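Knowing the structure of chain A, use the given hints to seat chain B on it.
Protein sequence lines correspond, in order, to chains A and B.
Using our numbering, read the first sequence as starting at 1 and increasing by one per residue.
Using our numbering, read the second sequence as starting at 1 and increasing by one per residue.
Everything labelled a hint here was simulated from the structure, so no lab data went into it.
Quick caveat, the model's predicted, so the values are computed rather than measured.
One or more hints might be untrue.
As the list claims (entries may be wrong) - Here are the in silico distance ranges between beta carbons for each label pair:
{"#": "1", "chain 1": "B", "residue 1": "Val64", "chain 2": "A", "residue 2": "Glu95", "range": "28 to 38 Å"}
{"#": "2", "chain 1": "A", "residue 1": "Val244", "chain 2": "B", "residue 2": "Ile9", "range": "54 to 64 Å"}
{"#": "3", "chain 1": "B", "residue 1": "Glu8", "chain 2": "A", "residue 2": "Leu253", "range": "33 to 43 Å"}
{"#": "4", "chain 1": "A", "residue 1": "Met248", "chain 2": "B", "residue 2": "Asp99", "range": "44 to 54 Å"}
{"#": "5", "chain 1": "B", "residue 1": "Phe23", "chain 2": "A", "residue 2": "Met248", "range": "26 to 36 Å"}
{"#": "6", "chain 1": "B", "residue 1": "Ile9", "chain 2": "A", "residue 2": "Phe62", "range": "22 to 32 Å"}
Claimed, not checked - Covered stretches of chain A (chain B as the covering partner; in silico rule of three or more C-beta atoms under 8 Å from a C-beta of chain B):
{"#": "7", "segment": "48–57"}
{"#": "8", "segment": "146–155"}
{"#": "9", "segment": "159–165"}
{"#": "10", "segment": "185–192"}
Ideal Cβ positions, reconstructed from N, Cα and C, are used throughout, including at glycine.
Single-letter residue listing:
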Amino acid sequence: MLRELLYALAGFLQTFGQLQLFFLRLVAATPRAIWRRFPLIVQQVHNTGALSLPIIITSAFFVGGVLGLQGYDNLSRFGSEDALGVFVALSLMKELGPVVTALLFAGRAGTALASEIGLMRATDQLSAMEMMAVDPIRRVVMPRFLGGVIAMPLLAAIFSAVAIFGAYMVGVVLMGVDLGAFWAQMRESVELADIMEGVVKSVVFGVAASLLAVFEGYNALPTAEGVGRATTRTVVISSIAVLVLDFMITAVLM
Amino acid sequence: MQQTRAVEISTGLFVFLGFAALFFLITQTTTIGGYVQDDTYEVTARFQNVGSLKVRSPVSMAGVTIGRVSSIEFDPRRLDAVVTMRIENRYDQIPEDSDASILTAGLLGSQYVGLQPGGSDMYLEDGSEVLFTQSAVVLENLIGKFLVNMGSGDDE
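Bound conformation, chain A alone (with noise of 0.2 Å):
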């Protein structure tokens, strides 16, 4: 019993640090096939961004309209609706902003990039490519990773802004708080830290989503099943390691 929790436990430490590695490698790849790569870049991040622009701004616009809805419900009860600007907003630019954008983009860009990758390990793609000395590192899954970090703070900042717009249209419009109070007590509290806090947070969840992405992808069995199993546990992970970093560092900029 013991034993076999050991041999987990340095199961989990062994992918932890090829994780690592594999990251390590990867940055040390990026600052040359930057400028070498740059058309295949732009190519991924039309994939995993501007492919995700519909479900992010649906997403976002009734993540609005219910935190829209459900703030006002809330703070009516303490008399005060007009505080429903600065409780959107902040909600939304510190925390469900970049979270669920996060949760959203390893759904349909993670999953996306593990199992592209997956197929190309299966079908011997990714050998062929060292056998013609292209590094697939370089070739493939650099620009991938690249296009996810790019991607995913600007969707952040879509969606929060998107999300505002949909707290605006139920609270102002349809329950009837005042509009000059919604904006006006929006703009008195929120401070840039806010923004740059939610910033912060989209890039981290940027980088973890793409490079577990990638990473299960590239390690996927060169099976149909092995590159089905990748894609769940990208999303499982992704998810899970968005949450868990969501939490350490609200906890660390507090």
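Only chain B this time, still in chain A's reference frame:
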């Protein structure tokens, strides 16, 4: 070729949209945007207690925001708080003997500095000090006084 072009255009649009959203958040949800430091003049005021007044809290006169608090410091020699305010240059005819008080917007609102006009012909200018001030009302003190009064009332 046509397809790469479409990809590049939509990527560019996406990146542009992302930065536009960030710009929107920074300028529209905070007070940083629209606050130009250049055309303002500085006025100080001393308060016994500033309550929860913060840097960038509004300074208002007749309910209109005419400037912002730029710094709040404690003066260790006179044991009071020095509040520095930046008032927009276009409001340069505020009587010198106006008085400043720290007020609260609504029951749970944030605190701000309210200026009540005096009657002097001299106007506040850069570096001058508002002499008549009224500190923030601290709720605990108010309740304390109220309780003391109640207690003495019972004795009679």
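Which of the stated hints cannot be reconciled with the structure, identified by number in ascending sequence? Structure breaks hint 2 only.
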